[in-house]
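I would like the entire structure built from these sequences, with the hints used as guidance.
1 is the number of the first residue of the sequence shown in my numbering; add one for each residue after it.
For the record, the hints were derived by calculation from the structure and aren't laboratory data.
There may be inaccurate statements among the hints.
Said to hold, decoys possible - If you anchor each label on the Cβ, the simulated ranges turn out as follows:
| id | residue 1 | residue 2 | range |
| --- | --- | --- | --- |
| 1 | G25 | D92 | 16 to 22 Å |
| 2 | E33 | A239 | 49 to 55 Å |
| 3 | A412 | Q352 | 23 to 29 Å |
| 4 | E419 | E58 | 28 to 34 Å |
| 5 | R252 | E52 | 29 to 35 Å |
| 6 | A239 | G88 | 26 to 32 Å |
Stated by the list, open to error - The list that follows gives simulated cross-link-like pairs (lysine to aspartate or glutamate, DMTMM-like), each with its CA atoms no further than 25 Å apart:
| id | residue 1 | residue 2 |
| --- | --- | --- |
| 7 | K18 | E78 |
| 8 | K17 | E105 |
| 9 | K353 | D303 |
| 10 | K363 | D327 |
Bear in mind the structure is a predicted one, so any value in this text is a computation, not a measurement.
For every residue, glycine included, the Cβ atom is placed at its ideal position computed from N, Cα and C.
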Amino acid sequence: MSMESALKGYFDFLKGKKVAVIGLGVSNQPLVEGLLDAGVPVTVCDKRQREEFNGLIEVLEHRGMKAALGPDYLDRLEGADVIFRTPGLRPDVPQIERAVAAGAELTSEMEAFLDLCPCRIIAVTGSDGKTTTTTIIAGLLKAAGYRTFVGGNIGHPLLCQVDDIRPDDMVVLELSSFQLMTVRQSPSIAVVTNLAPNHLDVHKDMDEYVNAKRNIFAYQDGSDRLVLNADNEITAGFAREARGAVTLFSRRKAVEGGVYLRDKTVMCAGRPVLTTGDILLPGLHNLENYMAAIAAVDGLVPDEVIREFARTFGGVAHRIELVRELDGVRYYNDSIASSPSRTIAGLRSFDQKVILIAGGYDKHIPYDVLGPEIVEHVKALLLTGDTAEKIKAAARAALGCREGQPAIYDCADLKDAVEQARSLANPGDVVIMSPASASFDRFKNFEERGNVFKELVNTLK
Numbered sequence: 001m002s003m004e005s006a007l008k009g010y011f012d013f014l015k016g017k018k019v020a021v022i023g024l025g026v027s028n029q030p031l032v033e034g035l036l037d038a039g040v041p042v043t044v045c046d047k048r049q050r051e052e053f054n055g056l057i058e059v060l061e062h063r064g065m066k067a068a069l070g071p072d073y074l075d076r077l078e079g080a081d082v083i084f085r086t087p088g089l090r091p092d093v094p095q096i097e098r099a100v101a102a103g104a105e106l107t108s109e110m111e112a113f114l115d116l117c118p119c120r121i122i123a124v125t126g127s128d129g130k131t132t133t134t135t136i137i138a139g140l141l142k143a144a145g146y147r148t149f150v151g152g153n154i155g156h157p158l159l160c161q162v163d164d165i166r167p168d169d170m171v172v173l174e175l176s177s178f179q180l181m182t183v184r185q186s187p188s189i190a191v192v193t194n195l196a197p198n199h200l201d202v203h204k205d206m207d208e209y210v211n212a213k214r215n216i217f218a219y220q221d222g223s224d225r226l227v228l229n230a231d232n233e234i235t236a237g238f239a240r241e242a243r244g245a246v247t248l249f250s251r252r253k254a255v256e257g258g259v260y261l262r263d264k265t266v267m268c269a270g271r272p273v274l275t276t277g278d279i280l281l282p283g284l285h286n287l288e289n290y291m292a293a294i295a296a297v298d299g300l301v302p303d304e305v306i307r308e309f310a311r312t313f314g315g316v317a318h319r320i321e322l323v324r325e326l327d328g329v330r331y332y333n334d335s336i337a338s339s340p341s342r343t344i345a346g347l348r349s350f351d352q353k354v355i356l357i358a359g360g361y362d363k364h365i366p367y368d369v370l371g372p373e374i375v376e377h378v379k380a381l382l383l384t385g386d387t388a389e390k391i392k393a394a395a396r397a398a399l400g401c402r403e404g405q406p407a408i409y410d411c412a413d414l415k416d417a418v419e420q421a422r423s424l425a426n427p428g429d430v431v432i433m434s435p436a437s438a439s440f441d442r443f444k445n446f447e448e449r450g451n452v453f454k455e456l457v458n459t460l461k
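Now the structure itself:
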């Protein structure tokens with residue numbers, strides 16, 4: 001069966017059914033348009049009001065879409081045969097549970113793509129490093145000559161592109177715990193970068209979060225590969241559950257058949273691949289991202305291609321991104337750091353004490369581990385947002401914290417924090433915004449937060 005007929009066949013299957021799509025966001029808008037093009041009756045359910053869509057609802061209604069908007073948006077799921085869930089919504093909200101109990105099939109754009117994709121898929125998940133590792137893997141494959149598609153949390157929604165993908169192409173996906181909660185198919189190569197408490201504002205507990213991540217490899221078979229961080233207790237434990245071949249990576253010890261560090265050389269299955277000096281990106285966490293990527297593409301990408309790529313790849317926006325140097329002070333945007341572990345990785349990237357701007361939306365995760373790292377790596381701590389008091393308490397409770405070491409400042413907002421950082425910084429200093437918190441208290445997402453920070457820094461005189 002050709003890929004065009006596979007996608008057409010899927011949409012034809014849906015034509016006689018009542019289809020509901022929850023959320024008209026980045027991943028679901030192309031899905032809705034594709035369903036309408038195929039003549040599938042669609043009801044879009046979104047908690048936003050009509051005026052927030054800037055005319056999009058009217059355009060899609062003209063094409064046959066029905067809209068259920070506002071606070072009661074999920075009440076229209078009753079009677080649906082197929083429900084496409086938006087990743088940010090739990091699958092066990094009462095309205096969805098009732099619809100499923102009545103016979104509805106619960107799926108998502110990503111799950112449908114996993115079913116229809118004709119080529120090999122490499123997928124990456126973890127608490128930290130997902131986007132950079134995904135981007136490195138995709139870049140390595142492209143550099144090696146593969147026609148490569150990137151999707152999931154980054155890139156573009158891929159379901160409606162599935163008829164453009166050939167069997168000899170490669171797909172690289174970044175998958176969140178929310179996307180993985182309901183998947184029933186795993187990629188041929190699965191990568192778990194690390195696991196630490198995260199998203200506990202949405203997940204019931206750490207066990208549910210970890211179980212969601214398990215789905216990236218739970219449906220693999222003996223011909224598949226699972227890449228795991230041997231230095232992380234949770235991910236290392238996944239090796240016992242794997243159905244496919246396991247490739248471990250470790251920065252701290254040699255791992256047989258895997259990727260590890262010998263002196264300053266990254267080894268893969270006993271052979272040298274590149275040196276730490278070949279990697280343009282700063283920080284030990286980026287070394288680990290490369291190790292994970294090398295384990296994933298082993299046998300697909302020549303070592304010389306990996307070396308050349310590492311020497312030129314400058315990283316991804318909002319991930320320890322150098323914004324500017326002003327009066328001898330370097331300003332870095334690490335807005336992606338929405339958890340303590342991510343901020344810790346950022347702090348460890350520098351060989352000097354930094355001025356840290358932190359704080360944001362509270363995801364109800366513990367900050368105890370961040371305190372000692374602040375004491376060791378931070379000379380001035382500038383706090384703003386909902387988690388400011390939690391971070392301050394963690395720093396003050398850490399062994400070695402003394403009055404003024406680090407100096408701690410409360411800031412009204414990000415603008416105030418940037419201005420205070422400017423007044424505190426001396427030539428040679430590093431200022432880094434690495435919030436250890438999500439952005440939703442004041443920003444739409446971490447990209448908007450990072451862009452606002454960059455704008456504030458770039459307007460400093």
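Now the hints, each set against the structure:
1. Between G25 and D92 the beta carbon distance is about 20 Å. The supplied range of 16 to 22 Å therefore holds.
2. Restraint check, E33 to A239: a C-beta distance of roughly 42 Å breaks the suggested window 49 to 55 Å.
3. Against the hinted window of 23 to 29 Å, the Cβ-Cβ separation of A412 and Q352 comes to about 28 Å, which satisfies the hint.
4. Roughly 43 Å separates the CB atoms of E419 and E58, a value that falls outside the hinted 28 to 34 Å.
5. Between R252 and E52 the CB atoms are about 48 Å apart, so this pair departs from the stated range of 29 to 35 Å.
6. Our hint of 26 to 32 Å for A239 and G88 holds, since their Cβ atoms are close to 30 Å apart.
7. Restraint check: the Cα-Cα separation between K18 and E78 comes to about 10 Å, which is no more than 25 Å; the hinted pair holds.
8. For the proposed pair K17 and E105, the alpha carbon gap of about 11 Å is at most 25 Å, so the pair holds.
9. For the hint pairing K353 with D303, the CA-to-CA distance comes to about 35 Å; that exceeds 25 Å, so the pair is violated.
10. For the hint linking K363 to D327, the alpha-carbon distance of about 36 Å lies beyond 25 Å, and the restraint is violated.
The structure shown violates the earlier hints numbered 2, 4, 5, 9 and 10.
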